[in-house]
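> Single-letter residue listing:
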Amino acid sequence: MADSAVHDIPSVYEPSLFGTYSKKIGMWLFLLSDSLTFGALLYAYSYGRISTAGWPTPFHSESIVNATVMTAFLLTSSLTMVLAVRASVDRNAKRQTLWLLATMACGIGFIVLHGREWGNLIAEGLSLPMFPKVPGHEVVSEFADVSRNVPQFAATFFGLTGMHMLHVTLGVVYLGVVALRRKFIPILLVLWLAGWLLIPSYSPFHYGVHVLLLAAIVISIILWLKPKVYDSSDVEVAGLYWHFVDLVWMFIFPLVYLMSARI
Amino acid sequence: MDSTQVALAERAAEQQRHHSKSLFFYVWGVLLVMTAVEVYLTYQNMQPVKMLTILMGLSLVKAALIIGYFMHLKYEVSRMKWITMCSVVACLILMTIFFFPDARRILELGVK
Numbered sequence: 282m283a284d285s286a287v288h289d290i291p292s293v294y295e296p297s298l299f300g301t302y303s304k305k306i307g308m309w310l311f312l313l314s315d316s317l318t319f320g321a322l323l324y325a326y327s328y329g330r331i332s333t334a335g336w337p338t339p340f341h342s343e344s345i346v347n348a349t350v351m352t353a354f355l356l357t358s359s360l361t362m363v364l365a366v367r368a369s370v371d372r373n374a375k376r377q378t379l380w381l382l383a384t385m386a387c388g389i390g391f392i393v394l395h396g397r398e399w400g401n402l403i404a405e406g407l408s409l410p411m412f413p414k415v416p417g418h419e420v421v422s423e424f425a426d427v428s429r430n431v432p433q434f435a436a437t438f439f440g441l442t443g444m445h446m447l448h449v450t451l452g453v454v455y456l457g458v459v460a461l462r463r464k465f466i467p468i469l470l471v472l473w474l475a476g477w478l479l480i481p482s483y484s485p486f487h488y489g490v491h492v493l494l495l496a497a498i499v500i501s502i503i504l505w506l507k508p509k510v511y512d513s514s515d516v517e518v519a520g521l522y523w524h525f526v527d528l529v530w531m532f533i534f535p536l537v538y539l540m541s542a543r544i
Numbered sequence: 190m191d192s193t194q195v196a197l198a199e200r201a202a203e204q205q206r207h208h209s210k211s212l213f214f215y216v217w218g219v220l221l222v223m224t225a226v227e228v229y230l231t232y233q234n235m236q237p238v239k240m241l242t243i244l245m246g247l248s249l250v251k252a253a254l255i256i257g258y259f260m261h262l263k264y265e266v267s268r269m270k271w272i273t274m275c276s277v278v279a280c281l282i283l284m285t286i287f288f289f290p291d292a293r294r295i296l297e298l299g300v301k
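Protein chains in written order, with my numbering: chain E, 282 to 544; chain L, 190 to 301.
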């Protein structure tokens, strides 16, 4: 019935089942599938925690304060993202770009704080076998013991928070493309080169920064194949992705950090 | 985009214009306060299961606020709300049914 309606009148499509445009439905479907990815990771973490005796609680107050500030950054970025969407529907391009840049700044703040925390934990001995040893740094026995006796903790912690950090990084890149379009590609390449040259080779971020190069290549191909000026629907769809990243952190923060706080 | 998609996007934009900005600032404030409450509760030395229940309850409320207001789902058609939320909740319930009894079984068997 629906098919015949489409075929009989080629220029008119049947009404949307969800009452909204296809790009938004597509993003919602992607987010639903991604929520299952994070759901599986959070369940794996919880499974490990329940089934492992002597689960560590290694996060001192400095880590909790750091994670709380990171949470505030993400919540604030969600507000600025909403304001960017509002500016886009009001067709105020300048304000839209400014709010998108503010959202990116909060996202970058989150990544920097998270990266610093990872660096401190790795230097103190909470590490994975695949991470290089930090030269000239004395390993704190508490964290070395955690890595040795409960390896599930480091594996699930770095796996879960690393996956989220990757999503935040790609979210910042996504917003950068929506805000600046082609102008963002050289900025991304400079960030990649600076990261690669300045981050020491014993840090996992020395290799992780290649995500930016990969993103720059993919963006170049997309913008070359389909150059366009992004409208309010594109900003709204980008906002959905950004809010999702914030939403996931609302579960990681209490489950991973607060439940493992050293009291 | 074809004309149908443009009309749908314009309708969504029109809906956005009707929301006052103060509502989003209010939601943002509530989310920050709830985060502060979570951190405060962490240092109240509660039983882990009780604390986990409270923290996950607060996280669910925060998630509902983000999905409802920031992601705008509250203002979508009811079919969109029900299909998206029911599908993901059903999958998470399935994971709960399989994961947690198994994890508890390991603990109760005394594998320590």
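Derived from the structure by calculation, the hints contain no laboratory data.
Hints are supplied without guarantee of correctness; some may be wrong.
[Unchecked claim] Per label pair, the in silico range of CB-to-CB distance: (1) Ile503/E x Glu199/L: 48 to 56 Å; (2) Pro237/L x Pro467/E: 47 to 55 Å; (3) Tyr483/E x Val195/L: 18 to 26 Å; (4) Trp336/E x Trp271/L: 32 to 40 Å; (5) Met274/L x Asp512/E: 46 to 54 Å; (6) Phe287/L x Leu478/E: 44 to 52 Å; (7) Ile243/L x Leu478/E: 45 to 53 Å.
By construction, the Cβ of each residue, glycine as well, lies at the ideal position given by its N, Cα and C atoms.
> Next, verify each hint and record whether it holds.
Hints versus structure:
no.: 1; hint: Ile503/E x Glu199/L: 48 to 56 Å; verdict: violated (25 Å)
no.: 2; hint: Pro237/L x Pro467/E: 47 to 55 Å; verdict: holds (50 Å)
no.: 3; hint: Tyr483/E x Val195/L: 18 to 26 Å; verdict: violated (52 Å)
no.: 4; hint: Trp336/E x Trp271/L: 32 to 40 Å; verdict: holds (37 Å)
no.: 5; hint: Met274/L x Asp512/E: 46 to 54 Å; verdict: violated (28 Å)
no.: 6; hint: Phe287/L x Leu478/E: 44 to 52 Å; verdict: holds (47 Å)
no.: 7; hint: Ile243/L x Leu478/E: 45 to 53 Å; verdict: holds (46 Å)
The structure shown violates the earlier hints numbered 1, 3 and 5.
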